[in-house]
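Q: Those sequence lines, one after another, are chains A and B.
At position 72 of the first sequence (counting the first as 1) the number is 72 in the numbering used here, and the numbers step up by one without a gap.
At position 254 of the second sequence (counting the first as 1) the number is 254 in the numbering used here, and the numbers step up by one without a gap.
Check each hint, because a few of them may be wrong.
Said to hold, decoys possible - Below, computed lysine to any residue pairings styled on SDA-like, alpha-carbon distance capped at 20 Å: (1) LYS156(B) x ILE71(A); (2) LYS156(B) x PHE67(A); (3) LYS70(A) x ILE85(B); (4) LYS70(A) x SER132(B); (5) LYS139(B) x PHE67(A); (6) LYS68(B) x ARG12(A); (7) LYS67(B) x ALA13(A); (8) LYS67(B) x VAL17(A); (9) LYS249(B) x LYS156(B); (10) LYS67(B) x ALA51(A); (11) LYS156(B) x ASN4(A); (12) LYS68(B) x TRP9(A); (13) LYS64(A) x ASN4(A); (14) LYS67(B) x GLU63(A).
Read the hints as simulated data drawn from the structure, not as lab findings.
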Amino acid sequence: MSLNDETSWILRAGTTVGLVLLTIGLLTSTLDIGNTILYAGTLVLICTPMAGVLVSTKCLLVEKDRFWSKIALLLILVVAAGLAITVLT
Amino acid sequence: MEPIMLMVLLLIAIGAGIIGALFGLGGGIVFVPVLTILFGLDATAAAAASLVGIVATSTGSATGYVKKGLTNIRLGMLMEITTTIGAIIGAAVAVYLENWVLMIIFSAVMFYSGFKMAASPEKIIEDNDGSSDFTFEFKDPADPGRNQRYSIQNMKGGMALCTVAGAVSSMTGVGGGSIKVPLMNLYMHVPIKAASATSSYMIGITAFSGAIVYFFEGAIILDVAAAVSVGAYFGAVIGTRVSSKVNSKVLKRYMSVVFFAIGILMILQAGGVI
Chain A
1 MSLNDETSWI LRAGTTVGLV LLTIGLLTST LDIGNTILYA GTLVLICTPM AGVLVSTKCL
61 LVEKDRFWSK IALLLILVVA AGLAITVLT
Chain B
1 MEPIMLMVLL LIAIGAGIIG ALFGLGGGIV FVPVLTILFG LDATAAAAAS LVGIVATSTG
61 SATGYVKKGL TNIRLGMLME ITTTIGAIIG AAVAVYLENW VLMIIFSAVM FYSGFKMAAS
121 PEKIIEDNDG SSDFTFEFKD PADPGRNQRY SIQNMKGGMA LCTVAGAVSS MTGVGGGSIK
181 VPLMNLYMHV PIKAASATSS YMIGITAFSG AIVYFFEGAI ILDVAAAVSV GAYFGAVIGT
241 RVSSKVNSKV LKRYMSVVFF AIGILMILQA GGVI
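With the hints as constraints, model all of the structure from the sequences given.
A: Structural data, given as structure tokens:
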């Protein structure tokens, strides 16, 4: 699969799983299990864009696209550094 | 929250998702005032739920745009590096600046972008040999007969301005897409549809950084975020389908109207009216 196909696939998969869980969670929100399902759905949905970046990076590395692989790895580093700074401060 | 209120929120989020997908925006400009004014949430809870909604708008539209090749993943990742750096700087200096001043500056940028969008014809620069790392092509679903090739201009300046966009965005809480789309289209000469689609992809990555922190701090009201996300996603799916049928010139004209509306909303927020 190409860069676009694989990235689109992971975005679709993550979004679908996240939204299905969120919908079930909303429908069962009066039950104890509802909150746990909402928690899981929110986490899956939030992490989906970053999963897209990771899959794109893998595709670029496989394609041996050296310039854009470095850019993708740098983005992951910058996002990780941003998160670390936010958590530490 | 009451089920009827969640339904109202769901419907508002669908509208925000449609606008977001069409114009490459996240929807924060809609979500935050709606959640604070109509639903009585405090600013932190509204921002947290809004960020989850922005992720849903982004992934909902990016899924379709990436598959069709409208999103420029490479350009998006490159510009997201400086946007994220700008967001970190913005968060650090935000305490030293008055929020209303930033909002007035932001609204001035929106009025300028709106005017330029309406007045300037789209300028696309093709690179005939296609050997540059910054030459790309895509197929516009509204014009399927040919591949549209474009060469990105002013890359260094565009990345520097993305740092400013990231800083302003993290200081005001809105503005990721509304700055990046005119920046890519007017300054870097990325075709409007590719610019909107790339912005949609980028705002999800930006929103991830904020949303994941709120998530682990327990600041997200889960049922509110779920209603916003489900609505925003379905709105975004509708928006991407509409976008594929709309002519670029028409999209650009409506986008200028949206930017004027954002500018007015920002002035109202700066003045404490909303």
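Q: Hints first: check each against the structure and report whether it holds.
A: Evaluated hints:
For the hint pairing LYS156(B) with ILE71(A), the CA-to-CA distance comes to about 14 Å; that is within 20 Å, so the pair holds. The suggested pairing of LYS156(B) with PHE67(A) holds, with an alpha-carbon distance near 16 Å, which does not exceed 20 Å. At most 20 Å may separate the alpha-carbon atoms for a hinted pair to count; LYS70(A) and ILE85(B) meet this at roughly 17 Å. Annotation: proposed proximity of LYS70(A) to SER132(B) holds, straight-line Cα distance about 16 Å (limit 20 Å).
At most 20 Å may separate the alpha-carbon atoms for a hinted pair to count; LYS139(B) and PHE67(A) exceed this at roughly 24 Å. For a cut-off of 20 Å, the pair hint linking LYS68(B) to ARG12(A) stands: about 13 Å separates their Cα positions. For the proposed pair LYS67(B) and ALA13(A), the alpha carbon gap of about 13 Å is at most 20 Å, so the pair holds. Between LYS67(B) and VAL17(A) the alpha-carbon distance is near 18 Å, which keeps this suggested pair within the 20 Å criterion.
Taking the CA atoms of LYS249(B) and LYS156(B), the gap is about 27 Å. The hint is violated against a cut of 20 Å. Our distance criterion of 20 Å between C-alpha atoms is met by LYS67(B) and ALA51(A), whose separation comes to about 16 Å. Of the pairs offered as hints, the one joining LYS156(B) and ASN4(A) is violated, with about 25 Å between alpha carbons and a cut-off of 20 Å exceeded. Annotation: proposed proximity of LYS68(B) to TRP9(A) holds, straight-line Cα distance about 12 Å (limit 20 Å).
The hinted pair formed by LYS64(A) and ASN4(A) meets the criterion: a straight-line CA distance of about 16 Å does not exceed 20 Å. About 18 Å separates the Cα atoms of LYS67(B) and GLU63(A), which keeps this hinted pair within 20 Å; it holds.
Going through the hint list in order, the structure does not satisfy hints 5, 9, 11.
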